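One line per chain: the protein sequences are A and B, in this order.
Residue 1 is where the first sequence starts when you use UniProt numbering, and the numbers rise one by one after that.
Residue 1 is where the second sequence starts when you use UniProt numbering, and the numbers rise one by one after that.
The hints are simulated quantities; they were obtained by calculation from the structure and are not laboratory data.
There may be inaccurate statements among the hints.
Here are some chain A residues pointing at chain B (derived, C-beta under 10 Å) [claimed, not checked]:
1. D72
2. K196
3. G438
4. Q439
Derived list of chain B stretches under chain A, where covered just means 3 residues or more per stretch with a C-beta under 8 Å from a C-beta of chain A [stated by the list, open to error]:
5. 252 to 263
6. 369 to 382
7. 413 to 425
8. 439 to 453
What you are looking at is a predicted structure, and each value in this text was computed from that prediction instead of being measured.
By construction, the Cβ of each residue, glycine as well, lies at the ideal position given by its N, Cα and C atoms.
As a plain string of letters, each chain reads:
There are 2 protein chains.
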Amino acid sequence: MAKQILFNVFEMSSAMHNSHGLWKHPANERTRRYKDLDYWTELALLLERGRFDALFLADVIGVYDVYQKSKDASIRDAVQVPLNDPAFAIPAMASVTEHLSFALTVSTTYEHPYAHARRMSTLDHLTKGRFAWNVVTSYLPSAARNFGLNEMIKHDDRYELADEFLDVSYKLWEASWEEGAVVNDRENKVFADPAKVHEINHEGRFFRVPGPHLSEPSPQRTPVIYQAGSSPKGKEFAAKHAECLFVGGPTPEHTKQSIQEVKRLAESYGRNPDDIKAFTFLNVVVAETTEEAEAKFEEYKRLWSGEAAKAQYGGSSGYDLSEYTDLDAVFEYKHTEHGQSRAASLTKDNPKKLTVREVLESFDTLKRRFAIVGNPQQVADGIQAYFEATGVDGFNLTHMITPGSLVDFVDLVVPELQKRGIYKTEYAPGTYREKLFGQGKRHLQKGHPGAKYRHAEKSTV
Amino acid sequence: MAKQILFNVFEMSSAMHNSHGLWKHPANERTRRYKDLDYWTELALLLERGRFDALFLADVIGVYDVYQKSKDASIRDAVQVPLNDPAFAIPAMASVTEHLSFALTVSTTYEHPYAHARRMSTLDHLTKGRFAWNVVTSYLPSAARNFGLNEMIKHDDRYELADEFLDVSYKLWEASWEEGAVVNDRENKVFADPAKVHEINHEGRFFRVPGPHLSEPSPQRTPVIYQAGSSPKGKEFAAKHAECLFVGGPTPEHTKQSIQEVKRLAESYGRNPDDIKAFTFLNVVVAETTEEAEAKFEEYKRLWSGEAAKAQYGGSSGYDLSEYTDLDAVFEYKHTEHGQSRAASLTKDNPKKLTVREVLESFDTLKRRFAIVGNPQQVADGIQAYFEATGVDGFNLTHMITPGSLVDFVDLVVPELQKRGIYKTEYAPGTYREKLFGQGKRHLQKGHPGAKYRHAEKSTV
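So that you can see chain A by itself, here it is in the shape it has in the complex (with noise of 0.2 Å):
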């Protein structure tokens, strides 16, 4: 039987998230509805409907202002501002389905472990294990600052403080309440067993935190771990703590070796590669006919806004393009505190020096490579092709409209992966961690960090 391919829905909570511009595209509902909790009670039906594993939910907490020094190129084309907080649709998304999983974007930077920890667990409750957190350390200057600093913090810091920040979560997850504190007795008058209820009494260079865990475990007790590092030290981070890799690079190849090289180092940290899951990006423009397809795509082109991708690549990169002003000069990127190797992304693998123009040119238009766009066929062709060369588990797929561009894929690719044998046509049963790894793994596997917290006497799987 061929390999299944899993497959995440990547969404935001704001009237634009990557389709540069395309908020003005009429059947675009998001650009109004965003904020609507039917919106998202929708999408996650139609998301069901198609089988998806999960809704994967971006974040940023801050503007996109480093471009042209200013917030204004964002605010104008919407460029993930306004935004909302992603979390709360969560649980509504939840009461309306039974399989879909949620990830989760928070910031370990700017969020504390004691009260982060309390959040996470109770999303995994009401969802009943349904849930992900996808740990960024986040790139925004400008939420630096709106968090009282002035400066963001250094990019390895970030690292440093994430890592300890996770070290916290997982002793409030793992090791404070044991299996079976909660005996709910009522002869012998006791809700909880206190000897069994453990302080955690973490002591570290960024947070003293004594415990106990406020809630009591949930289905997962740790959420399932994404992570999407790029750097030397982000990759490091994953290796160590991801259990879903979400990695993006210029070209297919280029991707496989970053998800090997975590495999790598996840495996030199005692962990099987294979309690890692990778995923890419995927954009798709789908319709019955080839000229159909197309059409769309030229649709989506004309919309497109060559300045809000210039606004959100400086505030992800730390690269303001606007002071690049001589044409035929050679592009050459200057040192930048954001540790967004992503920025480098322009030029790597790319032996031909590029000139500024090139480069300006290449935000000025949707380019075809962002997207497979054919018939039904065509697109599980590419998808097919896409998925062995990049050596990926899944995708995520993120959308130019919605939910008409997931509404296209759920009606005409789905069916066609799934005959092809490589989509599922049922959700497995259990929480997110189990569809991901198995039956019965519940919890953090062996060989994670997060696992040696778990208490010896406790036997569930």
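Take the given structure of chain A and dock chain B to it, following the hints.
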């Protein structure tokens, strides 16, 4: 027409709220189900059927470990632990209701206003303006320790911080995005007008937040502000900020005086005292007949836990009642930094000195004065008398067991109150603030310290 009474239900995301020991009651579904989404959605449907104004969600962010210098009594008897984050049930409840509002408790002591403001805006968006924030400053020493502090921030400093926290919040909610900033103008390619999205450039003693706010204006902008301060500093804070005041006192007269004092203070701040609605506790044990109600009360009494009551008192007051061993001595408070003037309520307004024995005994039994017990007519009489004696605008109805106590109230008491013309039969339209203060009053009213940040050109009501 008689004045209609406002009714909230007082709840907590925990196996037990204030009915000490009653987690043991076999019909108390919360004991097992407080962590399930359908517990909350069923509750919301019940409350909307009963025409409740709002569900008021209490919260603490620590364990009650002052009594016997240990967390054990609290854990054994489910004294507000385990405890989930109450915010996440709200979107699921909002998705199944149309009119019920939600008041969420969040402490200003351990959150950052920039992230917090987006959370509140998101909840106001998703509920379509059916949202209130109960501002607390946290009384548990264990919370302080878990946020890395050696000791609690002093009571009055917590209020200074809360005051600045609210100032930052108002600026983000009221001053950052002008009305009409989001134009969604496809032809001119402008989603939002950058000239109408402002930085707030807050620089204060505790916070430095340049802004802008991440969320676009929600239906109410600032959620309805609840506050329950009872100390002198707390009353001053409430007089300045509260739109809903939650007061309790040892006697109805004491409650009445507290309300009048806050309203007088509010006037001195330039506010209309009618812009503050006052609520106090209500607990009801009702059945078709007096005999059945009495039998129920006796059953609850048998399950009562004095240890749980003392454990909660320890955390909320700072006084460890296990230290008082000379039963015949006169009970006297020692100085505490906790600052809960509630602590003093055991003796305040009581000219007679109590002995330690009398004080301890008052915790050991479920006392009649904690609840109105009787048939529907008796309970309605009791509520009317209590309403008049306290001068409140409404009640936060607590429970012995859930949903049982609330089902009884909805089925037996609400129709009786409706018959008397003091309970609404239909909801008013609009946001929570409009439902409370009248149509068109979606936003903070004139004289409120947050209202001054609204842009003059914004003329919407």
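Interface hint status, A/D72 versus chain B (Cβ within 10 Å): This hint holds: A/D72 lies near chain B, its Cβ roughly 4 Å from the closest one there, short of 10 Å.
Hint status (Cβ of A/Q439 to nearest Cβ of chain B, threshold 10 Å): Because about 22 Å separates A/Q439 from the closest Cβ in chain B, which is outside the 10 Å limit, the hint is violated.
Proximity test - 8 Å, beta-carbon atoms, the stretch 252 to 263 of chain B to chain A, at least three hits: Coverage by chain A is violated for the stretch 252 to 263 of chain B (0 residues, Cβ < 8 Å).
Cβ contact check, 8 Å cutoff: the stretch 369 to 382 of chain B against chain A, three residues minimum: That given contact is violated, which follows from only 0 residues of the stretch 369 to 382 of chain B lying within Cβ reach (below 8 Å) of chain A.
Chain A covers the stretch 439 to 453 of chain B, three or more CB atoms within 8 Å, holds or violated: violated (count 0)
Coverage of the stretch 413 to 425 of chain B by chain A (three or more Cβ within 8 Å): violated (count 0)
Closest C-beta approach of A/K196 to chain B relative to 10 Å, hint status: holds, 9 Å
Status of the hint placing A/G438 at chain B (closest C-beta pair under 10 Å): At about 25 Å, which exceeds the 10 Å cut-off, the nearest Cβ of chain B leaves the hint on A/G438 violated.
Hint compliance for this structure: hints 3, 4, 5, 6, 7 and 8 are broken, all remaining hints hold.
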